[in-house]
Every structure is written in structure tokens, then in C-alpha cells.
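For reference, the chains in residue letters:
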Amino acid sequence: MTEVDTSADFRSYYGKPVLKEPVWKVPDVPAYLYMGGLAGSSSTMALLAELTGRPTLARNGRITAAVGATASVVALVHDLGRPTRFLNMLRVFKPTSPLSVGSWILAPFSALAGAAAASDVTGYLPTLGRLSAGVAGVIAPAMTTYTAVLLSDTAVPAWHEMHRELPFVFAGSAVASAGGMGMITTPVAQAGPARRMAVAGSALELAATERIHRREGIVGEVYEKGRAGKVLRMAKALTVAGAATALLAGRSRTIAVASGLCLTVAGVATRYGVFAAGRVSARDPRYTIVPQRERKSAEERLGAMD
Amino acid sequence: MTDNRLSGPLADPAGDAGYPADHPERVGFFTDTSVCIGCKACEVACKQWNLLPEDGVELTGMSYDNTGALGASTWRHVAFIEQHVENGSAAATAPESVDLGMPGMGPSGGDGSVRWLMSSDVCKHCTHAACLDVCPTGALFRTEYGTVVVQDDVCNGCGYCVPACPYGVIDIRPGDGGAFKCTMCYDRQGAGLAPACATACPTESIQYGPLEELRERAAARVDELHAQGVTEARLYGHEPDDGVGGDGAFFLLLDEPEVYGLPPDPVVTTRDLPSMWRCAAAAAATGAALVAGCFLGRKK
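For the record, the sequence lines run as chains A and B.
The opening residue of the first sequence carries number 445 in this note's numbering; numbering runs sequentially from there.
The opening residue of the second sequence carries number 26 in this note's numbering; numbering runs sequentially from there.
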């Protein structure tokens, strides 16, 4: 094999990647991304349900938030290998590290969400429980989007290039997932806001995903091709199905559960698809070299005009 | 936080990291690939001095390069590029070669000849190092020499530095879990010695010293090569206004960077961090507003 020259506009070192592929594990990290979003939006939902007199939705939202946040911590610890490594994350606060900022959002949020749910279930310390739920509900929106920054602040082309769109994809997906879980856990009489969340969150997610597909340049390809593309198409179909059935879910708990399940699977698939697309874009030197080469040539042309 | 803490030219990275004004001057590597003979003395010296584990004995089958890439246990990597050059092209005619009667290589016959490009790659010790910026534990730090080093005992193994590096240098060592990369022989620097790779290099392809001095030497070398007719010679990573604020390790190349496995226009990922957090905050607020909106209106 001689010097690899796989296409006229693209040269590389024997087709080997320029970047290192992320070492983060599957399913740990996609699960971490999903659970964080679900927990965040569920916590906000629980707080508003409490304030508007929907006690069952509030309690179920709190429990979902606690379970989601705890599962998120467990997934992160499993990816790191040892629990002390999560505590080690908290030895400094570094604004330039989204993982440091994220750990400082996740740690207090999961503690507060856990305390709120425990108090609600056991009936102990109700005032403290409500206070915890209140503070958690306020931190919660940050939980739904910091993970997008976590991915974007890397050299991985499919994540870095989409740093404006990914937070909206994740926020929309988080609202839809929380709505879906609310519909699964709560009787239809109290689940009205959860149904509306399912529809509104899905709409935001679909709009943001559409923007990714319309982006110019070759990096958008990885969101459409191969396994990542297939999973993301499935996520989209399930999101549409979940949102559509949510419109009818006020009539029957069965429909509500079916809709909620669609949105749950869609939320997991979205995170997995985005994660997989990033890995593909890091592995293939084309996605690193071609956009950089185009950018450099454009700059050189501009420089020559001066 | 000023802008150039995250990207752009920065005169004194060590001073910016908080070292007092009397810190040593910034040092670096200038790797002149036009005199590299691919002997791999740098790879071996690096392994030996830094007690790096072996990578396994495997043949890649693509070239004489059986190391493949930089990694957790390979802090110097020699690339071997076999190029076919058309007769009459600048690359084929420029260097006066002496026939040593060595066995030929590459396919025989055909028009044109074969040229070898060899280049010893290494961590770039960027002025704005993404690996250092994104490390959540502070395991990566800026040394008083302006270089970037990982403290193995603090490293959490989270792996964030791995995809953050725009050059694909740093990696996690399997079995150990920690991140590793070139330290520019920090331990030798403290004793006033040059790094092992530069010491071992027989052709002075790897030059070590104060970065400013190396940049002047490199500029002179490019001029010399251009005067000899090697018009394809160019410097890579030396400009302080490039995407990473200039590299502490820069190169003289004889072809485009991507041919050597280097990115043509790398950018420190944290340059866009303010915009990322703004988008994330806007998205979080949008999500929260959506949820709130769903609770408005008639109770049902």
C-alpha cells in the first residue's frame, strides 16, 4: 500500500484517524446523558405540579428525578471505574472543564433530588423535603443541557460543529422524556401537563434535530449514515409517534403508557445516536481533515486578496 | 477572564498559569523532518527514559511504520510516508541524492520515482492546550517551562482529555486507566538536560531549546531549503496566531500536514466554550419555559 489518497480532495496518513476516539463506554455514557436529562426535567415538573396542586404528579416526578439522578451518578462512576473517582471530580472547580462544572451540578442536584424523594415517600422531615425539592427544581434546567456542552467541548467534529444545536436537542428530549415518564406513572386526571410536555418537548427536539440535518458541510453526514443514522431515524419516528399518541392520552391510561414508552425509547436512542455519530466522526480522518482544509483554503484566499 | 486565556496569541503561558516573573523561559521542540532518517532512536530513547510499557509486537502492513500513532505508551512516533513523485516535479528533482547501492523499495518500473517522508511526531505542548483546559481534576498542568504535563497520581481516568486534543495525542493506558502523554522529559529539564528523544537523535532532526530561538532557527532553515529549490518545505505549528496559539513543539514538513497525520488547521476546543455555555443556558431556559407553559391554563 502506498500513500493513501482515497479521493482527489482528501489526503491522510494511510487513512488513519487524526483524532483519538472517545474512550467513554457504551452504555454508561449514553445512559448518563439520558438519565441526567430525564431527572432534570422531572424535577422541574414535580416542583410546578406541587405548586399547582397535583400531588401525585409531584411525587412521581420527584421519584423519577431521584432515580434518574442516582442512575446518572452510578453510570458516571461505572465509567470512571471507582466511586472515589467521582469524589475526586469535586476536588477542584474548573470553569473551563464542562465535566467539572457538570459534576458540581450533578452532585448537589442528585443529593437534593434524593432527599426530596426520600422525604416524600417516608413522610419524614416534610419541610426540609419540600425545600430540597424546590432548590433541586431550580438547578434542574442546568441538568438537561450541560451534557451537550460536555460533548461539544471536544475536537470530535460531529459534536463540536453542532455546539449550537445539541443543547436544544437535549433540552427538548429531556422535556419529552419527563413528560413521557409522568404519563406512565401518573393517572390521566393529573397528567395533563405531562402530556403537554411530551408534545412540546418533542417539537423542540425535532426542530433542533432538523437544524443539524440542514447544516452545510460534510460533518452532518455522520448523523444520517450508518448505524448512528439508523438509530437517529428510529428516535425521530418514536418521538413523532410518542407526541402524536400523547395528544390522545387523556382518554386512556393504556395509550398514555404506550406514548410514554415511545418517548422513553426515543430519548435513549437520541443520546445513543448522537454519541455514536461523534465516534464515527472521530474515527474517520475525512471529517477532521476536509472541513479544516476548506477553512484554511478560504482563509488563504482571503489573505491573498488583501 | 480575558479572551486569550482560552485562545489566541499568548506571550507567556507559564506566567499566565501563575508562575512568578523569574520562571525559566519557554522551551520546545523543533522537529526538522527534512533530515529525519526514520531510525526511531527517539521512540526508543523515550520509551527507555520514561519506562513506558511496550505496545506489542505487531506489523501494521501499511508501511515500515509499525507503531501507527502516538498513544499512552508511545510519546514519540516516527511516520513513514512512501510517495510516488512524477519525474520532473520539484520533489523529484530538488534534492541531490547519492546512490549508495541500497536495495530498492516500492514498485519497480513506471514513470517517476519514490521519495520517503519521515517525521517524528510528538505532543505539541500547545499554548492553549485543550487537554489541560477540560481536565476536571487538575491532573494536567502547565509547567514553569510552558509545557503541559499529566500528574498520574491525580488523574481520574475520566478520558475527557482524549477527544479534546485536536491532534489526537493523549490517550488512556488500558489496564492502568490513567491518561499519559509526552512530558518533554520534565524530570530531565529540571536537571538542565535535554529530553531523551532530542539527545538520542543522530541527525539533529529533533532540536530542543528556548522556543523563540528555535523559531528563528526554523525560519532560517526554511529559507535555506527554499534557496536549494525545496519549495515544498514549510513550517507547521510555529505561528502564535493559529488555532491553538502556537505549538511548543513545531515541525518543518515537506508536504501538507494531513499527509503526516496532522490536522491542517487545528483549533483549541475551548475557544468556543463561552458560546457553548450561552447556547446551553438558552436551551435550558427554553426547556424550563416549555415545562412552565405546560402548567398554565385550565387545570386538568
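Possibly wrong hints are sitting among the right ones.
To spell it out: a stretch of chain B is covered by chain A in this simulated footprint if at least three of its residues, at any positions, have a beta carbon under 8 Å from a beta carbon of chain A; those stretches are [as the list claims (entries may be wrong)]:
no. : region
1   : 38-51
2   : 194-207
Derived contacts from chain A toward chain B, CB cut-off under 10 Å, selection only [what the hints assert, rightly or not]:
no. : residue
3   : 536
4   : 566
5   : 615
6   : 739
For the record, the hints were derived by calculation from the structure and aren't laboratory data.
The C-beta atom is built at its ideal place from N, Cα and C for all residues, glycine as well.
For each hint, the structure was consulted:
Coverage of the region 38-51 of chain B by chain A is violated. Counting CB-CB distances below 8 Å, 0 residues qualify, and the rule asks for three or more. Taking a C-beta to C-beta cut-off of 8 Å, the region 194-207 of chain B contributes 5 residues in contact with chain A, enough for the three needed, and the coverage statement holds. Interface hint status for residue 536 (chain A): upheld, as the beta-carbon distance to the closest one in chain B is roughly 5 Å, under 10 Å. Annotation: residue 566 (chain A) was flagged as interfacial toward chain B, and the flag is violated, the nearest CB pair being 27 Å apart, outside 10 Å.
With its C-beta approaching chain B no nearer than about 4 Å, residue 615 (chain A) sits inside the 10 Å limit, and its interface hint holds. Taken as an interface hint, residue 739 (chain A) checks out: its beta carbon lies about 5 Å from the nearest beta carbon of chain B, inside 10 Å.
When held up to the earlier numbered hints, the structure conflicts with 1, 4 and fits the remainder.
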